[in-house]
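Residue numbers (the numbering used here), protein chains in the order written: chain E, 166 to 498; chain B, 166 to 498.
Hints listed in this document are in silico derivations from the structure and should not be mistaken for laboratory results. Any given hint could turn out to be false.
What the hints assert, rightly or not - Derived EDC-like pairs (lysine to aspartate or glutamate); straight-line CA-CA distance at most 20 Å:
| no. | chain 1 | residue 1 | chain 2 | residue 2 |
| --- | --- | --- | --- | --- |
| 1 | E | Lys427 | B | Asp281 |
| 2 | B | Lys228 | B | Asp281 |
| 3 | B | Lys486 | B | Asp462 |
| 4 | B | Lys305 | B | Asp376 |
| 5 | B | Lys305 | B | Asp258 |
| 6 | B | Lys427 | E | Glu439 |
| 7 | B | Lys427 | E | Glu300 |
| 8 | B | Lys228 | B | Asp351 |
| 9 | B | Lys305 | B | Asp494 |
| 10 | B | Lys228 | B | Asp258 |
| 11 | E | Lys305 | E | Glu439 |
| 12 | E | Lys427 | B | Glu300 |
Claimed, not checked - Sample of chain E residues facing chain B (criterion: CB under 7 Å; computed from the structure):
| no. | residue |
| --- | --- |
| 13 | Asp295 |
| 14 | Val296 |
| 15 | Asp356 |
| 16 | Val359 |
| 17 | Ser364 |
| 18 | Ser392 |
| 19 | Gly399 |
| 20 | His402 |
| 21 | Leu423 |
| 22 | Pro424 |
All C-beta atoms in this analysis are idealised placements derived from N, C-alpha and C, irrespective of residue type, glycine included.
Number of protein chains: 2
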Amino acid sequence: MSIAHPYILFLGDAPDQLAAKTANGVAMWRRSWCVGQLRLAGCNATVGLPDVTLEEGVAAGAKTLVVGVANRGGRISEVWQQTLIKALELGLDLASGLHNRLSAVPAVREAAQRLDRSLFDVRHPTREFDVGNGEPRSGKRLLTVGSDCSVGKMFTSLAIEREMRARGMRADFRATGQTGILIAGDGVSVDAVVSDFISGATEWLSPANDDDHWDLIEGQGSLFHASFAGVSLGLLHGAQPHALVLCHEPGRPHMRGLPGYKLPDLGQCIELNERCAHLTNPAARTVGIACNTSGLDAAGTDRALGELADRFGLPAVDPVKHGVGPIVDALVG
Amino acid sequence: MSIAHPYILFLGDAPDQLAAKTANGVAMWRRSWCVGQLRLAGCNATVGLPDVTLEEGVAAGAKTLVVGVANRGGRISEVWQQTLIKALELGLDLASGLHNRLSAVPAVREAAQRLDRSLFDVRHPTREFDVGNGEPRSGKRLLTVGSDCSVGKMFTSLAIEREMRARGMRADFRATGQTGILIAGDGVSVDAVVSDFISGATEWLSPANDDDHWDLIEGQGSLFHASFAGVSLGLLHGAQPHALVLCHEPGRPHMRGLPGYKLPDLGQCIELNERCAHLTNPAARTVGIACNTSGLDAAGTDRALGELADRFGLPAVDPVKHGVGPIVDALVG
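With the hints as constraints, model all of the structure from the sequences given.
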């Protein structure tokens with residue numbers, strides 16, 4: 166893979182801000198890679214970048230049009246196709262995190278072939294992976310793990326990358342999901358890998374490196390999620406993490422998508438993740454807790470984070486409200 | 166799926182007995198489904214069935230030619246192709262557990278299309294699965310789990326099916342690997358499923374059933390295997406097992422394929438499997454230990470099994486040497 170930037174972020178006819186979540190993530194974490202946003206008639210979203218036409222974007226140096234919008238059913242609508250094909254004609258590659266592949270749209274596929282441009286369907290791994298070998302490798306790795314799905318693992322990993330780089334440390338975010346891959350320009354959508362190769366794909370994603378280099382690996386799912394725990398365990402073993410950061414959203418009534426399942430106790434969550442991590446890295450330890458406290462007011466946030474910090478003796482922060490400085494402190498301390 | 170029997174077992178030009186391992190398994194567990202074995206010149210293996218030609222097999226009622234031989238590199242050799250195509254012409258379906266698909270051999274694929282016969286590449290799931298939902302379902306389920314890969318999980322599951330049926334209990338083996346699928350005539354090769362769907366595929370494989378019915382689900386890998394634990398955990402959650410049987414081979418120097426990894430302590434193995442199983446079935450408990458003691462003499466076998474039985478207070482047997490009666494006793498007791 167390796168998606169070329171600068172990007173134009175395509176918001177299509179996104180009916181609301183949530184539909185442009187992917188573009189939002191790219192604009193937040195890789196603003197310097199983005200020359201602008203491209204919106205069609207009816208678009209009700211913005212990611213705060215200047216609006217550009219394809220021609221203006223290309224003139225500004227853009228290399229790839231990133232489909233940063235999810236529409237109902239993940240389909241690539243007729244109205245988008247004209248824009249996508251014109252982008253190819255202007256010399257851009259296309260990248261998308263949608264379920265339905267760009268390459269499955271005949272007109273888009275044919276134009277890309279004719280013009281020798283690349284289509285990156287980042288949700289669908291194209292590479293073959295080896296089975297994980299579990300052999301110790303050099304470099305340092307941090308993995309975000311969760312009490313549940315969608316609790317901020319990607320955000321936390323990226324915030325740690327940003328904090329480490331600001332301190333002059335060598336660090337790279339390693340993406341395991343579609344938005345993360347568009348942000349990193351590379352990565353593996355691990356939940357789309359054939360299950361025999363989960364840990365092998367993760368080993369490939371975070372290869373041996375210098376002793377002072379940190380890979381910040383985006384976690385997926387939760388060991389306590391009845392649908393996806395297999396992915397989480399393969400990722401944990403393949404990552405061979407030195408450090409774990411537990412991500413959590415206080416107050417969820419049940420596990421995402423599973424009304425019959427309560428959230429796990431966080432002590433058990435830390436303990437089981439560390440225990441399983443020790444199989445491939447006996448040095449693994451939890452270094453912090455990152456909470457999404459968007460549902461809490463200032464007093465509630467302080468109380469929730471204070472309780473976690475006291476109970477576990479670990480820094481507990483909301484990466485959005487406070488950044489992740491205390492977690493990086495704990496890591497280097 | 167659902168592969169029609171009776172079978173003819175195709176041993177091809179198997180250079181030795183080990184190459185015919187799949188056919189061996191089918192002949193051992195489904196002898197009544199097999200009208201005979203078909204061997205080419207140079208075959209040095211037998212599964213103890215009468216040799217038949219394709220014509221004789223068809224005359225005896227065969228519906229499917231089962232490729233029960235693994236050759237170097239998993240390829241379908243030129244010399245086999247003539248036999249496979251002739252089988253299709255005589256009205257047989259083909260089934261294979263090889264990595265390389267029957268349907269990837271142009272001459273075989275074209276003959277099957279022309280003659281409207283089915284090709285079953287059982288290592289490659291063709292169905293789409295839902296994400297696991299974790300909802301409790303009726304019926305009873307037993308899952309074999311392992312200290313390692315290739316420690317007799319399929320054999321143990323099948324031995325329990327046979328023992329239960331001999332006692333008049335209602336029980337069905339549920340296959341999760343290629344040899345098991347050829348034995349059952351149906352199943353899912355879970356390690357070839359996209360990783361998001363491991364537990365969903367297992368839920369599909371062992372659906373709700375009557376309260377007195379047992380599904381005996383073939384386990385895969387081990388929670389302690391650095392390459393494959395993700396598959397094992399997804400399978401454990403999707404199976405929602407009431408009963409676990411731990412399979413083990415005493416004396417292994419290291420985990421299969423991983424020279425740097427020792428076998429886990431069996432107490433930890435039981436504890437971690439039960440703990441993870443409790444997520445989707447709080448009633449899960451280990452009911453027995455099945456050991457492959459083929460490397461031990463009679464005294465060594467008695468000592469090894471006696472120690473395990475004393476330590477864990479569970480029946481410990483070698484299914485080959487002693488059957489699994491004591492495990493079924495513990496289950497119904």
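The hints, checked one at a time:
no.	hint	in the structure
1	E:Lys427 / B:Asp281	violated, 50 Å
2	B:Lys228 / B:Asp281	holds, 14 Å
3	B:Lys486 / B:Asp462	holds, 11 Å
4	B:Lys305 / B:Asp376	holds, 6 Å
5	B:Lys305 / B:Asp258	violated, 33 Å
6	B:Lys427 / E:Glu439	holds, 19 Å
7	B:Lys427 / E:Glu300	holds, 13 Å
8	B:Lys228 / B:Asp351	holds, 15 Å
9	B:Lys305 / B:Asp494	holds, 15 Å
10	B:Lys228 / B:Asp258	holds, 6 Å
11	E:Lys305 / E:Glu439	holds, 16 Å
12	E:Lys427 / B:Glu300	holds, 13 Å
13	Asp295	violated, 9 Å
14	Val296	holds, 5 Å
15	Asp356	holds, 4 Å
16	Val359	holds, 6 Å
17	Ser364	holds, 6 Å
18	Ser392	holds, 4 Å
19	Gly399	holds, 3 Å
20	His402	holds, 5 Å
21	Leu423	holds, 5 Å
22	Pro424	violated, 9 Å
Comparing the model with each earlier hint shows violations of hints 1, 5, 13, 22; every other hint is respected.
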